[in-house]
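Visitor: First to last, the protein sequences are chains A and L. Taking the numbering used here, the leading residue of the first sequence gets 1, the next gets one more, and so forth. Taking the numbering used here, the leading residue of the second sequence gets 1001, the next gets one more, and so forth.
Because the hints were derived from the structure by calculation, they are not lab data. As the structure is a computational prediction, the values presented were derived from the model and not from experiment. Just so it is clear, CB atoms sit at the ideal spot from N, CA and C, and this is done for glycine as well. Hints are supplied without guarantee of correctness; some may be wrong.
Unchecked claim - With beta-carbon atoms standing in for the labels, derived distance ranges:
no.	chain 1	residue 1	chain 2	residue 2	range
1	A	Ala71	L	Ala1085	25 to 31 Å
2	A	Glu32	L	Arg1107	29 to 35 Å
3	L	Asp1092	A	Ser30	37 to 43 Å
4	L	Arg1088	A	Ser30	40 to 46 Å
5	A	Ile102	L	Gly1074	17 to 23 Å
6	L	Arg1034	A	Asp86	27 to 33 Å
7	A	Glu32	L	Gly1018	22 to 28 Å
8	L	Ala1095	A	Arg88	45 to 51 Å
9	L	Ala1095	A	Glu38	35 to 41 Å
10	A	Gly74	L	Gly1112	23 to 29 Å
11	L	Ile1102	A	Gly89	40 to 46 Å
12	A	Arg88	L	Glu1014	40 to 46 Å
2 protein chains.
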Amino acid sequence: MEARGIHHVGVAVEDLDGALDTYRRFFGASLEQRETLESQGVEAAAVRVGEGRVELLAALGDDTPVGRFLAKRGPGMHHVAYDVADIRGALDELAAEGAELIDEEPRPGLYGMQVAFVHPESVHGVLVELVSGG
Amino acid sequence: MEARGIHHVGVAVEDLDGALDTYRRFFGASLEQRETLESQGVEAAAVRVGEGRVELLAALGDDTPVGRFLAKRGPGMHHVAYDVADIRGALDELAAEGAELIDEEPRPGLYGMQVAFVHPESVHGVLVELVSGG
C-alpha cells in the first residue's frame, strides 16, 4: 500500500479552545474545520500548521475513546493519519500483510471523510488512521 | 511564529529494523536517512511515507531520553517536528508567548539539521521539535 502522505496528526486535549489558542499563538495555526461527532464521543478541530494539519480532539465524556485515552495517558499525541487514494484497497493490502485492523470496512469520519483505524499493536505502538476523501 | 508544515512525526521503537520493515510493507515507506547520534543516545531512521516523513527512533541504552520514554510509555508517538524558516526567531517568538523551551538555542540534530525542543507541558502534552535546514 502506498500512502500519499500524512493527512494529519491527531492530538487528544482536555481543553479544545485552549489548545486552539495555543496552536494559533505558538505555530501560526489556522482553524480549518470544527465538528462534533456524537457517535464517536468527540469534538474535533482541524487546524492547518503551514502545509501540515493537526486534529485536536476533545472527549464528550469519560466513557468515550478519547476520554479513556485521556484518563490513561493524559493529553498528547493520539494517532497519525495517512492519506490514501483507495481506502478499501489499502485495508485489503494491510490485512494481507498481517496488520490488525480496527475497522475492516471504511466508516464515516469527520468532515465527510472515509476513515479506518489500524491497531497500534500492529504498528509498533502507533494508532494509525487511513483517510480518503478529505 | 509561522511553521511551514510538519517536518516529521517522531516515533520511539524497540526494534528499528523491524519497524523499518513494517513501514515499508504497510505504508510503502522508503528509507531516507539512517544515523546514530551517540550524544543523544539514539539511532534514527527517517522514512518517507508519500510526501510525509516519519522518524523512527531506537534507544542506544536504557539511560537515554528515548530509553526512558520507552520504559515509561512503551513504543509509540514521541514528538511532532515543525519545519521553520528561522529557528532562532521562532524560539524568541515562542518564549515571548510563554512557551517553556527545552532548548533555548538551536543545537545540531540528525542529518545536519538545526533543532530545538519545546516542553510538552507548554503544548498540551505534545513534545514539539523545531527543525530548520533539513
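Visitor: Take a look at whether the Cβ-Cβ distance between A/Glu32 and L/Gly1018 falls inside 22 to 28 Å.
Guide: violated, 35 Å
Visitor: Can the suggested window of 23 to 29 Å be confirmed for the beta-carbon pair A/Gly74 and L/Gly1112?
Guide: Violated: the Cβ-Cβ distance is about 34 Å, outside 23 to 29 Å.
Visitor: Evaluate the given range 40 to 46 Å for the C-beta pair formed by L/Ile1102 and A/Gly89.
Guide: holds, 42 Å
Visitor: Within 17 to 23 Å: is that where the Cβ-Cβ distance between A/Ile102 and L/Gly1074 falls?
Guide: At roughly 18 Å between Cβ atoms, L/Gly1074 and A/Ile102 fall inside 17 to 23 Å, so the hint holds.
Visitor: Taking 45 to 51 Å as the hint, is the beta-carbon distance of L/Ala1095 and A/Arg88 inside that range?
Guide: For L/Ala1095 and A/Arg88 the Cβ distance comes to about 47 Å; the hint holds.
Visitor: So the hint says 35 to 41 Å: do the beta-carbon atoms of L/Ala1095 and A/Glu38 match that?
Guide: For A/Glu38 against L/Ala1095, whose Cβ atoms are near 40 Å apart, the range 35 to 41 Å holds.
Visitor: Looking only at beta-carbon atoms, does the pair A/Ala71, L/Ala1085 fall within the given range of 25 to 31 Å?
Guide: violated, 39 Å
Visitor: Are A/Glu32 and L/Arg1107 spaced within 29 to 35 Å by their CB atoms?
Guide: Holds: the Cβ-Cβ distance is about 33 Å, inside 29 to 35 Å.
Visitor: Please check whether L/Arg1034 and A/Asp86 have a Cβ separation lying inside 27 to 33 Å.
Guide: holds, 30 Å
Visitor: With respect to the beta-carbon atoms only, verify the hint that A/Arg88 and L/Glu1014 lie 40 to 46 Å apart.
Guide: The hinted range 40 to 46 Å is violated for A/Arg88 and L/Glu1014, with Cβ atoms some 32 Å apart.
Visitor: I want to verify a distance hint. Is the separation of the beta carbons of L/Arg1088 and A/Ser30 within 40 to 46 Å?
Guide: Violated - the Cβ-Cβ distance for L/Arg1088 and A/Ser30, about 24 Å, lies outside 40 to 46 Å.
Visitor: Mind checking the hinted window 37 to 43 Å against the Cβ distance between L/Asp1092 and A/Ser30?
Guide: violated, 22 Å
Checked against the numbered hints listed earlier, the structure breaks hints 1, 3, 4, 7, 10, 12; every other hint is satisfied.
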